[in-house]
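Take the two lone chains and join them into the complex the hints point to.
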Amino acid sequence: MLKNYFKIALAVLKRRKFFTFISLFGISFTLTILMVATAFMDKILSPDYPDYKRIRSLYVSTMEYKNTKEGWMNRSDVSFYFFEHYVSTLKTVQKMAISSNAKASNAYVNNKKLVIEYKYTNADYWNVLEYQFLEGKAFQQREIDNAELVAVISEETKKAYFGDRKTVIGKYISADNINYRVIGVVENVSKTLYNFSGDMYLPYTISKDYKDIDLMGGYNAILLAKSEANVPKMKKEFDQMVKKLPLPKDFDKIYCNADPFFANITRRIAGDGTSNGLTKVVSIISLFTLLFLLLPTINLVNINITRIMERSSEIGVRKAFGASSKTLVYQFIVENLVLTFLGGVIGIILSVIVIHLINGANLISNMHLSMNFTVLFYSLIACIFFGLFSGVYPAWRMSKLNVVKALKAQ
Amino acid sequence: MIRLQNIEKVYRTDTVETLAINGISLDIAKGEFLSIMGPSGCGKSTLLNIMGLLDEPSKGNIKIDEQDISRFSDQKLAKFRNQKLGFIFQSYHLINDLRVLDNVELPLLYRTSSAKERKVLATAALEKVGLSNRLKHFPTQLSGGQRQRVAIARAIVGNPQIILADEPTGNLDSAMGNEIMDILINLNKNEGTTIVMVTHDESMAHKTHRLVRLFDGSQVQ
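Just so you know, the protein sequences line up as chains A and B, in that order.
Mapping of the first sequence onto the UniProt record's numbering: residues 1 to 410, in sequence order.
Mapping of the second sequence onto the UniProt record's numbering: residues 1 to 221, in sequence order.
So that you can see chain B by itself, here it is in the shape it has in the complex (with noise of 0.2 Å):
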């Protein structure tokens, strides 16, 4: 599903130059649960990036679902990302300006798709994370573990082949992070979703398929 070959990342400066990922290639098969792990500065979150073409390489190659993305223009990039993959953060990166289901019809406005349309699909979304009951509120009227669910809630909303998590459980305790990874897995195991997660809890990572660990920009295990 993902093929990464020989990828590396550096950032330049004036006068530094900062090798961020040094030549990782790593294939994803559909449906997997895939969890990077590393201490911070590694260069997880970096790959993460690459991977869900938030972010370029400097050097190597990226296919994603049989297709080569190198040569893609910012238009057909952002259909692609609006299509195949879905995203979430550490810090959920709501808009707390819109109501929780505004939130979650955010990547449907990117498609042709009816307003009745999406508040169907983003209702559906919300049941699935349990947050049926939230909809007219705001991000800031919910906890952290709600706040997180709305962001998964959006990640899933447009039906994405790929979810890339970066940490979603980073900020939350530990019963609020089980209740995540609980919906993660269920994810996978019930729609097929392949699940691309950085994290640093040892424990979450060990409920994933595979574990892949990086240090200093390179795949260690």
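Next comes chain A alone, as it looks inside the complex (with noise of 0.2 Å):
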């Protein structure tokens, strides 16, 4: 039987070249626009170079001021002072990893502008995280006691400063009039890890904020737990201490969070110091994703309508020869399938052909999107959701027409 459907459901596709054009089209683009949105998130939340520790992580970025009565805020980064003076007294963390924001700085060879993008680290910065290192080593503890000029470079930073120079360990790179020291290259991170991602990585020692006593500043951090069950003490640990930092004058209330690494993406997004905006970010994105997917559905059942339909007569020979209102509803939900199918394979070549040129054209710096098996499994999720929501409504109402009209139909 089920071979019959098949033959049909092809012959049918073939039969109105137009409307199969307009349904494969439908349901291709948007599994390759869903596919290629799940493989940017996939990177985005996926632990990834060179954040692989994110289990045993929490990460702190932002600091709020309230003042409750007058109903006013102030929201800003986190300061080095908080880190050193108040985070690294506690006992839970094992390790941490501070870097400031990202901050340009100018570079000319061969007279032409570089900008380079420079972040501040310590020393623990390059234990928690996992660089590539192609030559050199990072800056140890003794360098930032010293305030050297020495620097971390990327890959792509070397090859635009230095050219095709197998080797630049010692040679310097002069940014805004400063010459720094490279002691290592590192391989490149994907601007989609903002945290992370730099053209220059120097001693905290030599930026000229990190001593100012304040707690709102210009870095953030990466708390590191022994292991994954010491997490949530290392949390507990965390709120306890921001509970017993000084008011600032005007405010009342002080909110800092040690947040996963989604929830912490998510509080800068959509939060604030009491919520993390989780909720509010997924429930968007599935909105979003529901929405998207309702358009081309709707469109899908109106043309599924149209044909099954056209299709009267055979409901009606069909019925008469035997076939009750549930095995119809079962062949028209087999027919949809195919038409998905169709559909999500083309969806899946067109995807490979757009992640690909993703990555030719470099569009967000050193991200290399891949088509892996979580976003085969959810594009596959899809194509079903789409077979059965876009088949099962024309398919029910096809079986509730009445033999005798439906032949006449013809």
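Treat the hints as calculated values from the structure; they're not laboratory data.
As the structure is a prediction and not an experimental result, all values here were calculated from the model.
The C-beta atom is built at its ideal place from N, Cα and C for all residues, glycine as well.
Every clue listed holds true.
One side only, chain A facing chain B, incomplete, derived with CB under 7 Å: (1) A11; (2) A320; (3) S324; (4) S325; (5) V404.
Computed cross-link-like contacts, BS3-like style, restricted to lysine-lysine with a CA-CA straight-line distance of at most 25 Å: (6) K84/B <-> K326/A; (7) K408/A <-> K59/B; (8) K79/B <-> K326/A; (9) K3/A <-> K116/B; (10) K116/B <-> K128/B; (11) K171/A <-> K113/A; (12) K63/B <-> K189/B; (13) K84/B <-> K408/A.
Listed below in structure tokens is the structure:
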């Protein structure tokens, strides 16, 4: 019976080529966008170079003051002072990777301006994060203590500044008229990991603001626990420490949170001191996805109804010769799954092409998207959702068709 | 074989009520070849559809093969149609997207038979109507007479006890019509199949065992 359904499904697809094109285009285009978006989300959310220890880590990046009586607030990144004087005292924090926000500096190569984004980091930054050194090594506590003008640069910066030289260790790179001695070259980091990507990494002791005695500043940190099991304890200890922070003038509340990776992002986008915005962001993404899927689905439902009603004579004949309404619903759902499966295959092929093009065009610096099994799994789920959702209603309507009327319709 | 008792069929719209069948009672014996005649709109096809369980009467009782089908569920009705009844329509109602063999196999899809069995039975049915050389053709590649023969093969493939034919020769010229009629007569004679045929053609009707005439929804002969 299934073979017969497949035969007729393919014949129907061939019969109305324009409808088929519209249906397949709708399905494959929507799936392509979903798959590329999923690949992008997967890139952001899955542990990725150089941040592989997410399971043991909490991320601190915002400090918020509130005046609850007047109703105003102040929100910013965190100061180096806060990490050094408060967070470093926590017993559950095994290591802490501190880095500043990226700042831009100008360098000149053959009279051409080169913008170099640099970050200040501490020594443990290189122990918590697993940067791949192509040559040289990271700066150690000694260089930090001496405030040495040393730099770790990215592979991209090496190529842009030094050209095709084999080794650049010991060479100087001049940014904003300051000469830094290159001591290490690391593999590029995707720009999607904005906390870790940079062109040049410098010891924090050469920054101007690390000594500022303030809770707010321009830094963020990863707190690494001994094990995954210790993460809740670390969070608890962090929260207790925050409660004891001295209140700044004019404010009566301080919020600072140590969040898991994704919650840290959502807090920045849609949250505040009291809420990490996770529910809000997930709801918005789900709603958007649903709406995005709903439009082509409604379109497909309409096309399917037209297609099915065109076949009312066939429905009449099948019913006359013994097909029950249930059997017919089953047949039309199978047919629709054949259509969506074809659309899915085209969608997957298109996604591979689009992802290849995105990677080739380097739209987001050093971001390399890939089609993995997770993406494929979600795509298949989307395909089945499409097939069932857009097939069930037309099939149900058709199964209610009166046999005599169906036969007269021809 | 078929017993109709006081059958009425009323079509209702918002404003009009039309009485299509007005209290018809009819007994059709096993192995009988009955024809129904009457002017257009007199209720012939409606009566045939009611006999074929494709339409429900507004009033009255139908018994087929001693079974009262009035309380059958959709599922049971479908199974009953599949096993007991075969249909032949004036405009053939073949599925143009399927080959001749697949069209004929259609009633067997709703039974528990294997693909091999279906093929054997469908080929045999097509042989009976003289179309064993057209198995791989599509209906659009056949003449009107050939298409109706495919439709007959489809109607008999499941070996039903009753065949209901709604103007089977209506779209054919007299030579083709006679050919189809011969097939039906042979089927009735050799296989003992009960046949009820609606027709406009007096000469075709006279070839059957009994003729029933309708006028304005009532039986007049």
